[in-house]
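> Chain by chain, the residues run as shown.
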Amino acid sequence: MNASIVRNSPHSEPKSVLAGVLAVSVHLFFVALLVFGLNWKDHPPEGMIVDIWTELPKPIQEPVKSQPLPKQSVPIQEPVKPKIEPQPPKPEPPKPVPQKAIVEPPVKKPDIAVKQKPEPVKEPPPDLQEQKKKEQEKVKEQERLKELEKQKELEKKKELEKKQELEKQKELEKQKELEKQKELQKQKEKEQAVQRQREQEAKAQREAEAKRAAQQAAARNQITNEISKYKAMILAKIRSRIVMPPDLPGNPVVEFSVTLLPGGDILDVRLSRSSGHEAFDSAVERAIFLSKPLPLPPDPALFNEFRNLNITVHYRE
Amino acid sequence: MNTTVTQDMSFLHLITSASLLVQLVMLILVMISLLSWWYIFRKLFVIRYEIKKTDEFEDIFWRGADMNALYQRTINSRYESGSMERIFAAGFSEFNKHPAGSDLEAVMESTRRAMRATYQREMDYLESHLSFLATVGSVSPYIGLLGTVWGIMNSFRSLSSVTQATIAHVAPGIAEALIATAMGLFAAIPAVVAYNRYASRTDQLATRFESFMEELSNVLQRRAAG
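First to last, the sequence lines map onto chains A and B.
Numbering (my numbering) for the first sequence: 1 to 317.
Numbering (my numbering) for the second sequence: 1001 to 1226.
For reference, chain A alone in the conformation it holds in the complex:
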């Protein structure tokens, strides 16, 4: 009864939620370690840099060509605006002048008309009328003269204005020409700068090529020096191991073709030209085997020069 309660009561498992949180955090930690702890990036090979350099000059030239074009179009539009702006004021000043000329005479004519109208009223005295007529004529003449003078002055003014306008136009044209010349100069300068850049790049390329060629030549010289040095060393080592058979007539020469392994081991020795003296041939062959390993340059790239060696040994040096 009581015991069955204890038996059937479930276990209260401690901290199962905390366990879940810990499990997740362990995984997050591991993922973070993988993502940030390791450098998974693959560096591009250095040969790529050379490819990029050959491609670079083209994008530089293109923007240079395209840049002057918008500048040309912009200055052309700018001078057009000033042309339009000065022109409207020029027609305006002459207009008001003729208007004044037209307005003034009618104003004076009424004055004359008013004077003329009272005259007929004073007609009865003829002398007076004649005198008045003469006076009137004089006045009219004076007025005519005045009008002529005014007209002359107006004409002069108009001529002056015209001259001024012409001068202004000339100045504007000169300015435009100057601007055009400046633009042309700028373009020329830009083109020259681009040409200079190109020349400099070409020079740099040439210099780099020359340097490379020089370096290659130097490297080749070094390689040939190295090869001949080691060949001499091989021959010297073999010579030191030869037990020379005594008293051979003349100076017999024996030739062996030797196949080498990397590291200086001898794979194969073949007699390619006998000296005619078997004792000497076998002495040299033995010496070749005895001098194993043969001295080889440390650079493995040079081994191809030593793979198949032709060794010629003279009886007397």
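In short, the hints are calculated from the structure, not lab data.
Since the structure is predicted, the reported quantities are computational estimates derived from the model, not experimental observations.
Each statement offered as a hint is correct.
Cut-off 20 Å, straight-line C-alpha distance, at most; resulting in silico cross-link-like pairs (DMTMM-like, lysine to aspartate or glutamate):
id: 1; chain 1: B; residue 1: Lys1052; chain 2: B; residue 2: Glu1127
id: 2; chain 1: A; residue 1: Lys292; chain 2: A; residue 2: Glu255
id: 3; chain 1: B; residue 1: Lys1053; chain 2: A; residue 2: Glu13
id: 4; chain 1: A; residue 1: Lys15; chain 2: B; residue 2: Glu1127
id: 5; chain 1: A; residue 1: Lys231; chain 2: A; residue 2: Asp268
id: 6; chain 1: A; residue 1: Lys237; chain 2: A; residue 2: Glu285
id: 7; chain 1: A; residue 1: Lys237; chain 2: A; residue 2: Glu317
id: 8; chain 1: A; residue 1: Lys188; chain 2: A; residue 2: Glu199
id: 9; chain 1: A; residue 1: Lys292; chain 2: A; residue 2: Glu305
id: 10; chain 1: A; residue 1: Lys15; chain 2: B; residue 2: Glu1080
id: 11; chain 1: A; residue 1: Lys190; chain 2: A; residue 2: Glu201
id: 12; chain 1: B; residue 1: Lys1052; chain 2: A; residue 2: Glu13
Here are a few chain A residues that face chain B, going by a calculated C-beta distance under 7 Å:
id: 13; residue: Lys15
id: 14; residue: Ser16
id: 15; residue: Gly20
For glycine and all other residues, C-beta sits at the position ideal for the given N, C-alpha and C.
We have chain A already, so just place chain B on it with the hints.
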């Protein structure tokens, strides 16, 4: 597995560009790993708690506490009681059910059976999920290996259409395939370690329970006789 000159070898890219089966394998492994780590921590807390409770109970019991008081305490706090307390409660209640003067041999036999039944149940509780950890430890490397083999197979198959075979054609495929193995090992190693550790701990606890059962039956027998 497109092979450009500069490979994006970032971890996420490798996972997202993997083939479907490799991705599936990775997903399974991540789930298994999460589950096994959850069980690892759960069992860690459970076994620690059980050891603590057993220590406490043995301390109280062997100091000569009153058995009736101990029994009442166990009944009252039955949700926080340890396994050893439950075994004691089962044996003690079975012993008390028999009327005084009945056959001592039969009483002790039934008491021992009751304690053994509770002991089996408690051990079952303590050893639960340990088999899962063992399975994870033995199987997840194979699942990871399957993903790796599949990924490498695919990367070599893509190599067949290329005239000039370079290591750059195969390397990213192999790298992404090897991630599956890494995940499998990441799931397996802690599972194996935890399994071994918890198995030995539960074995120790089982030994303690068994010896306690023997000692308790001795104590009860003396009590019945005396």
